[in-house]
Amino acid sequence: MSLSQSQSGRLAVQMMSHIRHALPAVLAVGSLVLIWEGYAWFSGVSPTTLPAPSRVLAQAFEYREALFDNTLPTLRATLTGFALSLVAAFLLSVIVDFVPLLKRALFPVFIISQTLPLVAIAPLVVLWFGFGLLPKILLVALVTFFPMLVALSKGYDATEPELQQLLASMGAPSWKIFWLARLPSSLPFFFAGLRISITYAVVGAIFAEYAGAAKGLGIYMLNAKNNFRPDLVLAAVLVSAALTLSLFGAAVLAERLTMPWTRRTSTGGNSR
Amino acid sequence: MSAPRLKLDQVGYSYGDLPVLENISMTVQPGEFVSILGPSGSGKSTLFRLLTGAITTDTGAIAFDGKPLSEAGRPFAFMPQRDALMPWRRILDNTTLGLEVQGIGRKQARERVSPLFAEFGLAGFEENYPAELSGGMRQRAALLRTVVQDKPMLLLDEPFGALDALTRAGMQRWLEAMWEKHRWTAMLVTHDVREAVHLSDRIYVLSPRPARVIREIEIDLPRPRGRDAATRALAAAIEADILETLLRPDPDHVDDAASHGSASS
Ligand SMILES: Nc1ncnc2c1ncn2[C@@H]1O[C@H](COP(=O)(O)OP(=O)(O)O)[C@@H](O)[C@H]1O
Ligand SMILES: [Mg+2]
Chain C
1 MSLSQSQSGR LAVQMMSHIR HALPAVLAVG SLVLIWEGYA WFSGVSPTTL
51 PAPSRVLAQA FEYREALFDN TLPTLRATLT GFALSLVAAF LLSVIVDFVP
101 LLKRALFPVF IISQTLPLVA IAPLVVLWFG FGLLPKILLV ALVTFFPMLV
151 ALSKGYDATE PELQQLLASM GAPSWKIFWL ARLPSSLPFF FAGLRISITY
201 AVVGAIFAEY AGAAKGLGIY MLNAKNNFRP DLVLAAVLVS AALTLSLFGA
251 AVLAERLTMP WTRRTSTGGN SR
Chain W
1001 MSAPRLKLDQ VGYSYGDLPV LENISMTVQP GEFVSILGPS GSGKSTLFRL
1051 LTGAITTDTG AIAFDGKPLS EAGRPFAFMP QRDALMPWRR ILDNTTLGLE
1101 VQGIGRKQAR ERVSPLFAEF GLAGFEENYP AELSGGMRQR AALLRTVVQD
1151 KPMLLLDEPF GALDALTRAG MQRWLEAMWE KHRWTAMLVT HDVREAVHLS
1201 DRIYVLSPRP ARVIREIEID LPRPRGRDAA TRALAAAIEA DILETLLRPD
1251 PDHVDDAASH GSASS
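Top line first, the protein sequences correspond to chains C and W. Numbering follows this note's numbering, with no gaps: position 237 of the first sequence is 237. Numbering follows this note's numbering, with no gaps: position 151 of the second sequence is 1151.
Don't read these hints as lab results, they were simulated from the structure. Certain hints may be false.
30 Å max Cα-Cα, derived DSS-like pairs, lysine-lysine [to be verified]:
#1 K1067(W) x K176(C)
#2 K1107(W) x K1181(W)
#3 K1007(W) x K1181(W)
#4 K1107(W) x K1067(W)
#5 K154(C) x K176(C)
#6 K1151(W) x K176(C)
#7 K176(C) x K1107(W)
#8 K1007(W) x K1067(W)
#9 K215(C) x K154(C)
All values reported here derive from a predicted model rather than from experimental measurement.
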């Protein structure tokens, strides 16, 4: 009816504006790939040094089974590690919100953990915890835990003071103020952190695999490099980029679904 | 005069070594609409923070129905300076917030609030988010959330401060009509002289920080006010008089301004 019609009309308008928004980026990436392709063709550089994008794509298709086979463990490590990190970051963020002293004690430690170079840490973690899933999960958690904790803490503190005063005046105890005001207020910060952390998570998993694994995109890249196959290295890079983008997209989707009030602001309800 | 609902006796408060309230004494009678009029930053919101228990007095005492505030059992429904609606809740669920905190079930709370939506000019907007409403509607939603708590007294902190002049004038008329109907015991904080004269039975005028009561004015005009030439002229005269008090350069001498003025000249 008229409502769904106007809704689909709005969707179409939104799509058009999205496309127009993305156009410059698409053009930039497209021309970069074209220049690369042209250079690889006309400079006579060996494909074992710089393979053309077309060759990367062709090899990616040829080795699709091996690539797929190595993507699954990476995905599993990423998601498990990230989920673990989210749960831990949430629990600690709540505890720290109620015990500010703990926050001042712990945050410096976490900041130091963020300054450790992954290249050095990854082999050590593999040395200590073996070639299985555990070291990967730990590395993913290491790179994502603190950003999520900070995002949540910042979000709680962004709660409107008037709102907390209001709830307190109604007689709400502090856990109820947290539940009704601080937690929902943190959602925009949480999702901003989620979008960034999910990309760190993939990098963390690949680093861990690079340092030692039976299977995974990281070890696949290492092997391809050692076999002088930069085209396969780049094919794996392509897959990891696609993986990261999909996870990023999932985070954006989750945000939209969880925070419907941010979407409807400009559309107005039934008029006055 | 009957026993006052609310009585502040020589209340003082400082933020650290910044004195904000000094020797504030005031009363509010049952069914009375009292305004606190003072310049920005004088300590009006601080006064409400004391009443809602966010902070406690340094000196002096506050009593409600003759009992100390700590034993009075949260007698106030408070409307904060900005509307403080939750952007993530629909209007209906925003207005039931106070009932929800009191432990009333969601369904029952909604049944209590829903019939009031028409009177507050919000009918049809139950399912909208606050961001979809105009400024005036948001203030009415915040006021509905306040009065539905059914507390003995309302505390309104600059409810119309953020609105444009036209909307504000409309809201003042509306609130006056609502108050005539319901006769809430209310304390309104404002820095708008016109608003105070329009709505109040009595006005306390505060000095700049540290705030002291520099004047108390009974407004004995018939309601509704400002609709006919006679009350409009009277109200304008009172407004001009109050403005004079507020703008006087030396607030130390305003309480006995007349005698002081003649003595020094
Ligand atoms: N939490 C606080 N800590 C220190 N000073 C404060 C605090 N809150 C308010 N003040 C100061 O106290 C004074 C009175 O504030 P407030 O009661 O909000 O004024 P009003 O509501 O009359 O504009 C202001 O000068 C303000 O800067
Ligand atoms: Mg204020």
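Which of the numbered hints above does this structure break?
-> 4, 9
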